[in-house]
Amino acid sequence: MANFYHSVRLDESLCKGCINCIKRCPTQAIRVRNGKAVITSEFCIDCGECIRICQSHAKLPTYDSVDIMKNYKYTVALPAPALYGQFNNLTDVRVVLTALKIMGFDDVYEVSGAAELVSEISRDYVLKHKEYWPIISTACPTIVRLIRVRFPNLITHMLPVLPPVEIAARLARKKAIEKTGLPSKDIGILFISPCPAKSTFVKAPLCTDKSEIDGVLAIKDVYPLLLGPMKQAVLAPEDLSISGRIGIGWGSTGGEAGGLLSDSYLAADGMENVIHVLEDLEDEKFHDLQFIELNACNGGCVGGVLTVENPYVAQAKLKRLLKYEAVARSHLDMTPVEKPHWKNRLQYEPVFKLGESLLENINKINQVEQLCNRFPGLDCGSCGAPTCKALAEDIVRGKASENDCIHILREYLKQIISPFSMLDKDLKRGDANEKEEEE
Amino acid sequence: MSEQTGTSGVELKYMVSPDDFTRAGEASSKVKNILKQMGISPDVIRKVSIAMYEGEINMVIHAHGGDITVTITPEEIRMVLRDDGPGIPDVEKAMKAGYSTAPEQVRALGFGAGMGLPNMQNYTDEMKVETEIGVGTTITMSVHIEG
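Chains A and B are the protein sequences, given in the same order.
In terms of this note's numbering, the first sequence opens at residue 1 and continues consecutively.
In terms of this note's numbering, the second sequence opens at residue 440 and continues consecutively.
Errors might be hidden in some of the hints.
[Claimed, not checked] Partial selection, computed: residues in chain A whose CB lies under 7 angstroms from chain B:
#	residue
1	C15
2	V149
3	P152
4	N153
5	L281
6	D283
7	L346
8	E349
9	P350
10	K353
11	N361
12	I362
13	I365
14	N366
Read the hints as simulated data drawn from the structure, not as lab findings.
Just so it is clear, CB atoms sit at the ideal spot from N, CA and C, and this is done for glycine as well.
The shape of chain A in the complex, shown without the other chains (with noise of 0.2 angstroms):
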């Protein structure tokens, strides 16, 4: 299924078949058969909490390889704003661009720019839209995807606005055309990501029908590769830098929300936290509150897990770097972007649904609560589904049984053994009567 693509495979040989990662899965997508962790497709969101918390490091997040750059003639690397947070010292975002260039890639166009524009963008968005306060970000592409199957009543309440890094693709290959002349296909519109839901993005769009990325390179690998660079490039750094503070602060959680211009915002990171977020939500508790931001990874896109610095220590460079520089050096009077809003409307995907008609429904629930009454309610895992109760629906579902749980199984064990155990006993009596005859 296009539509449910994702960037995270595991390794098989390596996966153990613990039970971390099924424990870690916010939206219960991932169960372990027959020893290993396979996820279920639908269920996946694409948060990379798996990745993170795999201690075998079976669970492998999708991105392209740096070698990708030569399937093109010309290549334009879009850094995302976590980008910067990654180095020590850093003061001058300048010596980054430039080291790209140093490094391989024809041009440069920071996502950060493009980012103002979003928040240009945003802002007349919310003024404009206030019958759907408060309007929640949808940048992050695993926010997108958690409202899809989970929240059907908070898809109006989203920013219906495409990405910084789409919009930023848009303008990098308007402008690489323009200069060189090449055909579009020969120009490689790289991102340099935090994140492998950026992939998934870039496969699988959405709200749009095709992404302008043509390639997804992970922080981690451009990191190494830029560190020489930036020596040379620290002498004389290029004027490629076209965003300031507003732009830059979307790598870390609360940017997108201050770029608003509003104080009337929560910014939440964090799975957990951003569940519980849309939970109130939808139960109304939130007034007056124009806009929430949030972001899947601790931290906002520096934690995301393709970065190699500790999120908050990236969060606390960024900031020092964002002391002196201007407040925004993209605006739309001067960059105008065109049609900038979602080209499809986002449509619920009730996934989690047990089955088809209602009446079938209230059998299966009904089922599910009498197998939970059964099972010990320990959620321990050793059944391969993160809690009873999923053992419990993919039983209903058909994909399970009941003897998966070791506690049934070891009940149903105790059962056959038992005329044994008897005769055993009647054969140690038998013993003992033997012997006091004998006496």
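Dock chain B against chain A, hints included.
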């Protein structure tokens, strides 16, 4: 939570613990997730979860907890919220939007907006309040499932 099996319905029971704000909303959240698993339309889920959450909070604040029984049938979702609290002296007044027994200072903090019962009524298709001073209150609400 306990359950009874009917041929055409699901019955869910929840205890609402007294004076514990950290747990208020637990029952409505569980019901919400079950309704999503049942493929109930988002609009119905929204009505049920908001009405039930309001009721649950009221039980924590005013009535020292109680119990909630939710019955889901192909026709409707019925919620019965029962408590042994102080009872509601004037139901008609309490049902009026903006009516609140909370003192002015408390209302200034955003509590007691007087929208609890009115909201519950707005979000449900039927609502019945049975109350007796010093004995308790039972609120029965139902949201119809269309089509």
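Hint by hint, here is what the structure shows:
{"no.": "1", "hint": "C15", "verdict": "28 angstroms, violated"}
{"no.": "2", "hint": "V149", "verdict": "9 angstroms, violated"}
{"no.": "3", "hint": "P152", "verdict": "4 angstroms, holds"}
{"no.": "4", "hint": "N153", "verdict": "5 angstroms, holds"}
{"no.": "5", "hint": "L281", "verdict": "11 angstroms, violated"}
{"no.": "6", "hint": "D283", "verdict": "5 angstroms, holds"}
{"no.": "7", "hint": "L346", "verdict": "13 angstroms, violated"}
{"no.": "8", "hint": "E349", "verdict": "11 angstroms, violated"}
{"no.": "9", "hint": "P350", "verdict": "6 angstroms, holds"}
{"no.": "10", "hint": "K353", "verdict": "4 angstroms, holds"}
{"no.": "11", "hint": "N361", "verdict": "4 angstroms, holds"}
{"no.": "12", "hint": "I362", "verdict": "5 angstroms, holds"}
{"no.": "13", "hint": "I365", "verdict": "5 angstroms, holds"}
{"no.": "14", "hint": "N366", "verdict": "5 angstroms, holds"}
In the structure shown, a violation is registered for the earlier hints numbered 1, 2, 5, 7, 8, in ascending order.
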